[in-house]
Each structure stands twice: as C-alpha cells, then as structure tokens.
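Peer 1: Chain A is already provided as a structure; the job is to place chains B, C, D, E and F on it using the hints.
There are 6 protein chains.
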Amino acid sequence: MTPVPLARIMVEPLVRAALLEDLGRAGDLTTDAIVPAGLAARAALVARERGIVAGLDLAKLAFELIDPNIAMQVECEDGAMAAPGGVIARVSGPARGILTAERTALNFLGHLSGIASATASIVAAVRGTKAKIVCTRKTTPGLRAVEKYAVRAGGGASHRFGLDDAILIKDNHIAIAGGIAQALRRARAAAGHLVKIEVEVDNLDQLKEALGEGGDAVLLDNMSFDRLAKAVAIVDGRAMTEASGRVTPESAPALAATGVDLISIGWLTHSAAVLDIGLDFDA
Amino acid sequence: MTPVPLARIMVEPLVRAALLEDLGRAGDLTTDAIVPAGLAARAALVARERGIVAGLDLAKLAFELIDPNIAMQVECEDGAMAAPGGVIARVSGPARGILTAERTALNFLGHLSGIASATASIVAAVRGTKAKIVCTRKTTPGLRAVEKYAVRAGGGASHRFGLDDAILIKDNHIAIAGGIAQALRRARAAAGHLVKIEVEVDNLDQLKEALGEGGDAVLLDNMSFDRLAKAVAIVDGRAMTEASGRVTPESAPALAATGVDLISIGWLTHSAAVLDIGLDFDA
Amino acid sequence: MTPVPLARIMVEPLVRAALLEDLGRAGDLTTDAIVPAGLAARAALVARERGIVAGLDLAKLAFELIDPNIAMQVECEDGAMAAPGGVIARVSGPARGILTAERTALNFLGHLSGIASATASIVAAVRGTKAKIVCTRKTTPGLRAVEKYAVRAGGGASHRFGLDDAILIKDNHIAIAGGIAQALRRARAAAGHLVKIEVEVDNLDQLKEALGEGGDAVLLDNMSFDRLAKAVAIVDGRAMTEASGRVTPESAPALAATGVDLISIGWLTHSAAVLDIGLDFDA
Amino acid sequence: MTPVPLARIMVEPLVRAALLEDLGRAGDLTTDAIVPAGLAARAALVARERGIVAGLDLAKLAFELIDPNIAMQVECEDGAMAAPGGVIARVSGPARGILTAERTALNFLGHLSGIASATASIVAAVRGTKAKIVCTRKTTPGLRAVEKYAVRAGGGASHRFGLDDAILIKDNHIAIAGGIAQALRRARAAAGHLVKIEVEVDNLDQLKEALGEGGDAVLLDNMSFDRLAKAVAIVDGRAMTEASGRVTPESAPALAATGVDLISIGWLTHSAAVLDIGLDFDA
Amino acid sequence: MTPVPLARIMVEPLVRAALLEDLGRAGDLTTDAIVPAGLAARAALVARERGIVAGLDLAKLAFELIDPNIAMQVECEDGAMAAPGGVIARVSGPARGILTAERTALNFLGHLSGIASATASIVAAVRGTKAKIVCTRKTTPGLRAVEKYAVRAGGGASHRFGLDDAILIKDNHIAIAGGIAQALRRARAAAGHLVKIEVEVDNLDQLKEALGEGGDAVLLDNMSFDRLAKAVAIVDGRAMTEASGRVTPESAPALAATGVDLISIGWLTHSAAVLDIGLDFDA
Amino acid sequence: MTPVPLARIMVEPLVRAALLEDLGRAGDLTTDAIVPAGLAARAALVARERGIVAGLDLAKLAFELIDPNIAMQVECEDGAMAAPGGVIARVSGPARGILTAERTALNFLGHLSGIASATASIVAAVRGTKAKIVCTRKTTPGLRAVEKYAVRAGGGASHRFGLDDAILIKDNHIAIAGGIAQALRRARAAAGHLVKIEVEVDNLDQLKEALGEGGDAVLLDNMSFDRLAKAVAIVDGRAMTEASGRVTPESAPALAATGVDLISIGWLTHSAAVLDIGLDFDA
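Protein chains in written order, with this note's numbering: chain A, 1 to 283; chain B, 1001 to 1283; chain C, 2001 to 2283; chain D, 3001 to 3283; chain E, 4001 to 4283; chain F, 5001 to 5283.
Do not take every clue at face value.
To be verified - Pair by pair, the computed Cβ-Cβ distance ranges are:
hint, chain 1, residue 1, chain 2, residue 2, range
1, B, P1084, A, F225, 55 to 61 Å
2, B, G1178, A, Q73, 24 to 30 Å
3, A, L204, B, D1282, 25 to 31 Å
4, B, P1036, C, A2017, 30 to 36 Å
5, F, P5013, D, V3087, 35 to 41 Å
6, D, V3087, E, G4237, 55 to 61 Å
7, A, F225, B, E1049, 22 to 28 Å
8, E, M4081, B, P1036, 58 to 64 Å
9, A, A283, F, A5283, 54 to 60 Å
10, A, Q73, C, R2008, 44 to 50 Å
11, B, A1040, A, Q73, 55 to 61 Å
12, A, Q73, D, V3087, 38 to 44 Å
13, B, A1181, A, D282, 21 to 27 Å
Note that these hints are calculated values from the structure, not bench results.
Virtual Cβ for every residue (Gly too), placed ideally from N, Cα, C.
Bound conformation, chain A alone (with noise of 0.2 Å):
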C-alpha cells in the first residue's frame, strides 16, 4: 500500500544527522584514500529477502545530499512488496559518494522495511476480517514520524502520534481518577471538540461503565479471546473496540476473529528486524 509521501522538509534533518554521525571530522577515510574522485559507477539496492520497501525517499536523499550529482533511480514504491534478489532502485554517479552514503541508506532504508514487512505480514493474517493493525508511541526515539509512516506502507493504520493529539486513559490515570467514570469525565471536560476519547478497560464491568460515559474507543487490555468476544458484543458498536498485545501472523487471525476493530502491536515499531537489503555495484 503506497501511503502519502512525508513533506522533504520532515525528513531531511533526520537524514542529514544521520549523515553527520557517520560522517565525524573527517568524512569517509577509506572511500577518499582509495577511489578516484571522477570515477563513476553504478549500483543497484537489491533486496536480500522478501518484504515491503519502506523509506526510499530517504535513501535517496542520502544519496543526494553527499554528492547532487548522484541520481537514484526508484524500481518499486513504498508499500510494494519486493522479492530475494529483486531491484528496489537503482544509483548512478559518483563512486565515492555512493559508498559514502550507501551505510545511511541502507539503515534508513532496512528499518522502515523492516517495520513496513512486520506490519503487512499481520494485515495479511487477518485479512477478510475487520481488525485494522495499528502501532503505539513506542517507537524508537527520535523516528517516531517515520516509523508510522513505515507501518502506513505495511497496510497499518495510526493510532496516536503523541500525547497531545488524542486521549488515551490508562490504569494509572483511572487510579487517579477514582474510576473510569471520573477520569472520562474529567478527560471530557478538557478535551477539544477534534479530540477522540479511548479508555483502557481490563474487564468487562469497566467496558460498561466507560460506554455509560461514552468514550469514542476502548483498548480491551489482556483478555482471553472469549472475553474479547464478549467485550465486542457488549459494544455492539457504541465505540471502537482495540485490543493489545505481542500479536505474531500466527495468532492474529484468533484475535482478529473476535470482531475488534483495531489491534495494536507496539514491537512493529520498537522490535521489528531490518529488512535485509544491500547495495550491488554493477560489474
């Protein structure tokens, strides 16, 4: 699934950080002893193993701030699926920029695909039902934007973005609170009139009292799969029901089938492996 490109203006002090920090006080020592400065050489990003591509625009804008005169050419877009040995683009220029750059490509371009093929391979699991897979603000610091656009191109949806765009009330906050009636409506008299409600319920005498307060969602947190059904039907839609938890394809298509709406699956973002993606210069 192709999802809307993130404006260059997000992404490029990401990349140009990345560069620095590989880069230090002295730049690519091995490249500069070692390749002329006007060779020229072309090379292919050739995935190692099937999954998604996530993240080309940043491999390319690697490529681009260390020598403008480097062009990637893109094979497949973000959200397709590449296979084991299949081209995701191709990079013509410098041959010392493209080795110097080509470590914070591939990093860039191996995390998000790496989380971008964890995300579709649970969509695909629960397909025909209609559970969405979402991921959670555990992201890795610093990536958080473009590590949720890396599960848009998994097939995932959003769930918060941060603290500030929804409200989410855990079990901390409805201890506090002195139930989940209170912290509901305390939640509802500060809330904007754009921002949704959710409420974490752990059974389901709290999942009555959060719809009599009519939260607009309800994390149905560590149910057994019947309880879950249950959960769902005593819904019956008043709101959306999530459940949570370290889904794997395996288990998916049982929690799917309980009729949730969303399953939320933080190691998408904080412990999906990289996608094995290398760079082949042409012979």
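Peer 2: Relative to the frame of chain A, chains B, C, D, E and F by itself:
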C-alpha cells in the same frame, strides 16, 4: 559489565528531542486533564523479562527534564542483569510528570536494554574463547553513540564508530582499486599514524595478499567454519581476525571455536528486540 | 481560568531564541555601560490596564536565563484578572540582569496576556450559553503552542493544533473531491480511529449531505444568524456545530444564541493587541 | 515603499520552523486523504481589504519548501498597496502542496502586511512633516528581523534592532546612575565610535542636561504637544528628537506638527491586526 | 581591563559545540580507560608566558558542562595580566571530567587570551595618546562575539559587530555610487537615526568631500604618517578619524602620534597567536 | 597537495552560521543603501602574499548562500601555491551579494589558507626526511574539521580528530595509573581493535617501558635533539615516533634529522596568521 557513562552533554539532546516528539504542541492531554497538579506518586521501573539493563541515565534525564522535582533512584547499574519482576529503578515526585515522561523513558530503556541483552547472550555463548563480540555501523539513524554504549553494557566491544575513525576496505573498494594490495597501499599512504586499517577478504588468496601488505585486521567474509579456522592459522597472529554474519547464541560457540579474534554482528544494533520493561505505580 | 502549564522543555527554546535575538553579538550596551555589576534591585511587573494574565512562566524564564540569581515571585497566576496598577509579579536580584531581560519578558507576557484577555472578553460575552470559544491555526509563526495556551488561559478551548491532529475539510477539498460526501468518505477511509473529522458547509443542503456521512463536526461558514439557528436545529445534536468569523464581544451573544456549540475566532491569536504591562523599579 | 529584501538565509529558518509547527508528526491529514497525488491547481493570493503588502518572499518560500514544483508569481511587490479583491500573487503547481502550505504562507503574509499597513497609515498621516515613523523593540518574540522589515515596507524607519546596536538610556538607567549627566558620561566612555546614544527625558530640565552632555538623540517621554514643541525649540537641531506613545492616524498629525524628528510606536509591531489575505483556487 | 561578561546564554552554545566536537561519538577513550571513576583531583590553569587573560567564563563552563561536580575557582579576572607560571584558576573535582574538558577549556582560554594580549600590547604602546585600538570584522567564523569581548579585555574598543549595526562605506561602494558624496547621501537617506556612518577615504580630496557631507567618521586608508597628520588637521574634530593596517607595538606610537582617534587592526582577531596556558595537576 | 574535499553537508552549517553572525538582524546596511538592486559585478579573489590556498569550497558557499546567482570560478585548487597578486578565483553576479558575502568568504579563506601555508612551510623544511608534519587537537573551537582539512591542504597529516578516535596517554594519565605499563595495559584492555594507542614519554626509561607494552606510537616530549635521536634508535621501528613542540621552518630540519616519524605542531592550527587575500572588483 558497567560501561563508562556517556557525558550528559552527549545524550541530553537525544532525550530532549524524544520528549518533544511525544509532547507535540499541546503536551500530555490525558494526564493534564485527569491528574491533579499537586499529586505526588511513587513508581518502579520493573523488568518484565530477564535481560541486561542499559540506558538508565537517559531514562533519568527524561523524568528530570519533564520535571526537576522527579527523583529517580537507580536500583541496578547499566550492565547488570535484571530478573523478571526485578525493580530496576524507583521514581518519585509529581504524578503528572512521571506519567508524561514514562513512555520516553521506557522507549530509551527498552531499546538500549534490548541491545545490551542481545549482546550479552552472544558474549555468554563464547565465554572461554578469545572471541570478542563487536557491533557494526548498522545502527539506528541518530542513535549510534548510545547503541554502541549499550553494546558495551552487554559486554561487547567497539568496531568503527563512523566512516572517519578507522579504515575498513570492503569488496567494492578492492574492486575499484584493482586488488587488495593496491587498496591497502592507497589506504596506508593516506592514513594518519593513529588510524588502523582493516580489509575484507573473501578467500585465502586474498587473505595472504592482505597479510603481505600488513593490514591491522582482516574481515573474513562469508567463510565456512573450516575455512575460517584455516584462515586464522594462516594469519597466525599477524593481524586481528574478524568474522561477521547473523550469529545466534546457538551458532556462536562453533564460530568462536575457529579461533577468530572478533565476531561482528549487525543485528545487535539494528534488529534486537526491546527488553520489556514497565512502569508500575505503587498501590 | 488557570491552564495546565506547558512543560519547560517546550517553552525554553522560545525564550532562549528571543533573548538571543535581543542581545545580538554584544549584549546590553546601555546597561553594561551604566549599571554597576554588583547592584541589586527590586521591581514589579505591573498591569497598566485590566486584563487576563498569561505567560508568567516565560517571563520568569527570561529573567532566570539571563541571570539565575534573579528571582521572580508570581503574585497572580496565568488566567487571573489583573486590574490597572495591579502587581502581577515581583522581581529581585542583580539590576543588570533585570534590565537586560525586561523587554523579552514583557514581550512574551504582553503578547500572551493580550490573547488571553481578548479570549476572556468573548468568553464573558457568551457566558450562560453553551458556546465554547475556540482559536484557529491562524497563529503567529513559531508561537502556536504558547498562543493556544494563552487562549486556554482566557477560558477558550482548543481547535486543531496543526494539520496532523484532526481532519478539517474545507471548500477547496470539497471542490476537488467533487462533493461533501466524496470528501468525507475519503477522509474516513484514511483517518485513524482517534482522528475526528470536521467539514465546512456553506448551505443547508451541504449540511444535510455532511450529516448523512456522519461527520463529527460541521463548520457553518458565513451564515446569517437565522440560517445558523436553522442549521443547529437540523443538526440536532448529531454533530458539533461551529460558527466562525471576526466575532466581537458585542456580536458574540447573538451568535451564541443561535445554539452553536463552538465559535472559532482567528483574530484572538493573529490580531489581539498586547496587554499593556510594565516593569516598575522600586524607588 | 519597496524595502531591500532580507537574505533568504535570514528568513528560511523561520519559514521552516513555521511549516514544521503546522505539519506536526503526520503532515496534512485532510489533504493527503482527499486530494489526488497528481492533481495540479492554480490559485491566487487575494487581498480581502486595502493594505500594504509585506512578506511575499516568506510566502513564496513556504510553498517552495513544501514542494519545489510549486511556482509563485508575484503580482505586486512588498511595499505596494493592495486593493480589496486585488491579486497579490498567483500560485500554481501540485494541489496538495498548495493546500498544505497555504496557512503558513498566509500567516506570514497577513502578519507582516498588517504591520506594513499600520505603519503606512501613520506615515500617510504625517506626510508633509519631517517626522519619521519608527518602530521599537516591542516585537513578537522570534520575528524581530521580519517585523522591522515590514515596518520598512510600510514606509517606516528603524530604531534599535536590539540591545547591542545603540545605546538608549531610560529612566531606570538614569535613576541608577544618579542623573542624566552621569549616565551619559558612562555611556560615552563605554560606547564604540560607531554607537549612537539616545537618552529619555521626562522634562525640560532633563532635556537641557542631556544636551549639555551631547546625546545624539533625545526621547521626549510623555509630554504634551505644547511641551514637545518647546522641547524641539530648545534642542534646535543639536540632537534628534523622538516622541513616543500609542499614536493613531488621527493623533499623528498634531504630534508631527510639534516638529519632532521621530515618532516611535510600539503597537506597529506588537498589536497591529493582520491584513486579511486569502487564497482563492481558480474555478 | 575587566570587561562586562557576556551572558551565559550567549556563550554556552559555543562551549557545548566545542565539547561535542572533541567528544565525538565515543567520548574520551583514554581517560575512560585509565582513570578510575571515583578519583578526585586538583589542578591549576597556569600561564606559561606573560599575557592578558580572557575567556575564564568559557573555560569554567567547559568543565561544568562535562561534570557539574567540577568547581573552578578563578584566581585572576579577565583583563588581568598573568605572569609566567602564574596561576589563573584552580580546578577541583572528578579527575575524569577535568581531563576530558581540559583541551576545550584551554583552547578557548588560549585563543581569547592571545587576542587580549595582542590588543594590550598595542594599547600599551599608544598610552598617553588619544588613540583607541579597535578590532574589525576580520574575525574567526563563529567566534565574533567572544573575540570582540577578548579585545575589550585587552583594553581595546569596538568597531562594527556586523554588517547591520553601522554603515561603513568602502572603496567599492564609492565606485558604484559614483563618488563619496553620492554614497554618503544614499547612506544617510537609508540609515536609521541611531546608525552612524563612516566612510573610507584614500586621499585628502576625498576626505574633504566626506566632511562636506557630514560623515560621522572617516577611515584614512593607506596613508603615510605625514598624510595622516595632515588629514587629522583637516578634519579638526568634525568627525572621528580612523587609521588601519597591520600595526605592531613598534609602529603604533608613531601612528598614534598623527593624532588619529582610532587605530583599527584586523590581525588582533584573525592572526594573534594563542597565549600559552597549561593545566598542571597537583602532585 | 590537493586534499579530498569535505562533503558540503559537513561545511555548510559553518558557512551559514558565519554569514548569519555578520548579517545580524538587519543585513548589510551599507550595501543595501548604496548599491542598486540590479547591478552586476565581476571581482577577483587575489592573494596579497605568497601561500597555499585552502577553503575555496567555503568561500564559494558563502557567495552562493547569499545569492545563488553569484558564480565563483576557481582559478587554483586547494593545496596550490598562490603568488602575490595571483588570482585565486573569480566571482560574478549581483554586486550586492558579492559585497555582502565578501568578508565571510575572506575570513574562511584567509584563516584556512594561513593554516595551509604554515603547514607547507614546515613540510618544505623537512622535505627529504621521513618526518611527517601533523597537527593536534589545539584547534579553534568549532572549526576542527576544516582546520585539519587545511593542514592536509598544506601537505600535513592527521593526528587524532578528537578524544574518541585514538588513545593518547599523557603524563597525567600515567601518574594516575601509577606508571606507563599500567596505563598501557588499561588502555589496551579497553580499546577496540581498530583503536591505536600512543603514549607520551619523558625519558628513555619510560620509553623502554612503553615499548615493552607494545604501544603503537610514542610521543617523545621535550627532548633534546640528541636524546630524540637516541630514542629513535631505541625504538628501532617498533613504534611510530613523534616529537612535538613549537617548531619553526628554521628548527624543523634539525628536528627531522633525528629520524622521528612525526612532528606534531599545535601552532599550525591555533596560531598561524591568516594568509592575506583580498577581493578586487573589476574596474
């Protein structure tokens, strides 16, 4: 293994950026709506699974930067093993600030502890051999310094920190130079007297060529265990020997048994799952 | 109305930038030339006209960042009414620092108090109705978070904080989509489950179309009071109703009387005059 | 009056910050959901009321930074008068980018044009006298350079840009120094040879004392028109004379008639209402 | 001569950047490896040669930013003369931090003290004349504010701080304008009332033209001592007179004897050698 | 000697900061007042004295960042010798921009060319010996990367770039460790496999101790030429030998004749005078 802490000046910008990423333009809507201003609370950072802790300074900074009245008392040091249910640190102070900083603190702590734990699992697997476990430049963009720190916390050692602190001659450099000898000679001519040179070799002929030119270290790429052992014998102490690849705790002992000095592993920094750590409020 | 303060981490960069903008490359030439280094002073921040105070944290930071030996004692909280001649806060410490930080402190305090006061004047005018006063994205570049905070200090509520925390479908979006229904459907398909959707309607037919598609809120643009009242009746609680325009304290009651839920006003943030506040040294 | 444009290097950081403030972590949800990627559009920036335009470079940058394929064609220059309904500039390119950048472009343009227009209204009121209209350091935090530019676009002139480019001795400095003469002597001793010195005087005795010490300019504070005229006569060209206060187009002619060289007005930068400018898509 | 210190807010970013430049991505490898964590130490900043000290605040900040437990006790103030072997300041606290911050602290202190010392050597050479020694805009990129501060510490005075705080008309401006009179008239028309105007003249005819237009100061470029004395006589107090060039302590007295008001010297800031200052650990 | 250029991404922030430092809040008052907007000009960067050029990329960036319509045509490369009166580069485009960027461009070019020229003078003096000239960490704060680049342009080589890319054990480290052997052992235990270790020795006993522990390089501090020669003989190729001090072109040959591998010189970066380069407009 307790590593020397990074100076606060090096990590504070990361923590500030992560907090601002989460706070957005309006701060913590939920907590601000529900939790009274004056309320104090106590909570514990608790490991949900066994692993090596890393990143306590960053977690502490996250709480302090949100509210200097929050005190975090560390119960174990970076590099120490936490058992499931074990308390890593205690936090006390204004409830609002604790809740607002919680996710950022945990995101750093979980990510870095995950890397430390993965490293430690390999380090443990090769105990008794001379092999050191080292990470690579395949790090998460923006987090290289702290991820390498986490590897040290897990008992691993350092490879290059960037393109500019050592020379690592790879296959593409060799191809461009027209051979290992030429590449090494160009590198030596350009390198400062405090810069070490490592060269990647694919076979034993290349290895001998590299030794002939006096490389400080050789990266033995994609070799079988037998071939590795042979390579180590050929090198015979004239250079450091490094093997690389997606090593697991299971495969590590056999790899170490080849006698290589170093085992470099990219996934420690790019694909280690987080260590599950939570924040529990005192009842 | 005392709003929850913004975290220091969110406002300190603004105050630093403002101080540096004023200090330039040489600092306060006048004060440095005339005021002895050791001289201590006491002064008061005094309202020159009636209004609602906002921005005390930023003023305090301005003094402290210039000299941590300056103490600012707040006499009234953000959101409180100051009478002409009323002391808002007292400042004591090195005279040089007080004079150097004075203008920056007052620029923040006057600007934000001006917004709070303007908001409060409209809020007062609609007291007794259900209408909430909300500001818009028509804010001064760079100051959105603090200007929205000032609106809260004046008793107003929040609209969107940016392009990314809610969907607001305007006339151009509708024209491009080919109608309200199509626009709403596209929005719903793309929106995360915690994202609300508001749509601008120009007439009652559009309003009905919007309600048919289940928008969370409708922005009733450029309608007469009669038409607004009719629109509110048609909506009948199925969505939030918002009227917008350059509302004054005089025109607000009649507008609120139409029964709309929200009155959004751009000028609160882009055109409110400062509240006149001065710094008087103790004799 | 067309002022010399500020270098792009000076204003680009402001525009970037304003765009990022609006885009947040997810960009323009509404436009991304509704507007097709390939759609091109044409639109016009249209004045909704009469006024002086300022800030076209910043508006242009806002569009270009969101998408370099957007072209903005200026129809009138900064400093020119726009009539109600008059087209200020035309924008063409990808519809998505135009919609996303619209608010930021208009926020700059409205704010700066408001300042230019306010300035021009006073400048017009004193035409035929020698009085120059100048702004002060009472500017919106972060925007001083561009607000002072807007004053120039409105025909106004410059006062100090910050604490460090001239000396302005105010009442508190005088009190601390123990008199105008002492303050002026200290200032002169410290001032570089390219630094002018102005001193605030409250009455004619202070004025004579200031003249005796050779100040470059005198700020005649809070004086009646009669007193001002007398002061101007006493000065008799030996220093620049400045009157200050909340001057309106109505009160300005009488103030200028006193013969003062300069009328400084804080509200031009801190309280001028925006000039209403909108973006109309071509049908 | 003790200059007024620059606000910490102005210099802290420079010190942070310098420390991070030295720490890189891994910090102080040597110290971390060798020096025990708990070890305390005492050391002294000692002048290795005679000179004027400047930059103590920056050195202090360097130590404190690395470790707030390091205390630096100043033994002499900026602007004071240090004798060879003289203790400038004492440092005590964690040995690791002292060693890590040492080079950065000394780099600032040596550089700024070098400038102060060079300035003082010229100031001493012209003592008894009315000539003031001033520096120029030929400063080290990024360090203008602190280098100008160091000149003040050495007894020198200020010229322009940048392009925007005074007008200095040079030969190219004159050529473009078509003559000194035209250039001065254009400058006067554009200049704010607190902006002084200086003009460079190459010969006595140009000088007379400049005086006829009322410039505030004249830069007498490349004139012999005789010609300079003649120029000073012609000016006769109607403007400040400035001579420039690569003046040495030996040539300065004769230059000052011409009666010029100002001697501007670029090399004070761009070519002064550092003052040799070292850090000696207490035995 | 033409060094490999630093990536633009590494130097652009320095040039931007330097330009903004000069432009301040109002830009180039003089040029804006006097030079017509449309005027084009041609000018040449001309060496006023003999020396080695370095920093052309930064000068070019200064012009381009002020106005992309300015073209700078390089006439000689970094590392080339410029003769007095020789044209280094030609600049053409809008006269305003050329005048505004002139000082910043020259400040970089003069500073870096001064360092390159100083380096080259020593390199020439030791030609025919094996001694390499290296700079130190005694660099101007903020400019280390470009100053080290300038040393390379002058034919010098690299020492450490910071605290983190090699280990250099100095007297204080040795004292704390309790001897050279202990210090070296601790260093070796902590050092990564690509980190070299150098140790400072004060006498021949220490030297032998260092060799016994296998340091990669020894810094022979404060030794007479005789002692140095003896030390070199003792080392006999087992380690790199480095002598340091304030070496001049006159003293360098004798120092090099001792047979040391490296001569490190702090003043190349901290005290080299600028190379005098000016900008001449075409008549």
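Peer 1: Against each hint, give a clear statement of whether it holds in the structure.
Peer 2: Now for the hints, and whether the structure bears them out:
{"no.": "1", "hint": "B:P1084 <-> A:F225: 55 to 61 Å", "in the structure": "violated (25 Å)"}
{"no.": "2", "hint": "B:G1178 <-> A:Q73: 24 to 30 Å", "in the structure": "holds (28 Å)"}
{"no.": "3", "hint": "A:L204 <-> B:D1282: 25 to 31 Å", "in the structure": "holds (27 Å)"}
{"no.": "4", "hint": "B:P1036 <-> C:A2017: 30 to 36 Å", "in the structure": "holds (33 Å)"}
{"no.": "5", "hint": "F:P5013 <-> D:V3087: 35 to 41 Å", "in the structure": "holds (39 Å)"}
{"no.": "6", "hint": "D:V3087 <-> E:G4237: 55 to 61 Å", "in the structure": "holds (57 Å)"}
{"no.": "7", "hint": "A:F225 <-> B:E1049: 22 to 28 Å", "in the structure": "holds (23 Å)"}
{"no.": "8", "hint": "E:M4081 <-> B:P1036: 58 to 64 Å", "in the structure": "holds (60 Å)"}
{"no.": "9", "hint": "A:A283 <-> F:A5283: 54 to 60 Å", "in the structure": "holds (56 Å)"}
{"no.": "10", "hint": "A:Q73 <-> C:R2008: 44 to 50 Å", "in the structure": "holds (47 Å)"}
{"no.": "11", "hint": "B:A1040 <-> A:Q73: 55 to 61 Å", "in the structure": "holds (59 Å)"}
{"no.": "12", "hint": "A:Q73 <-> D:V3087: 38 to 44 Å", "in the structure": "holds (40 Å)"}
{"no.": "13", "hint": "B:A1181 <-> A:D282: 21 to 27 Å", "in the structure": "holds (24 Å)"}
Violation of the numbered hints given earlier is confined to hint 1; every other hint is satisfied by the structure.
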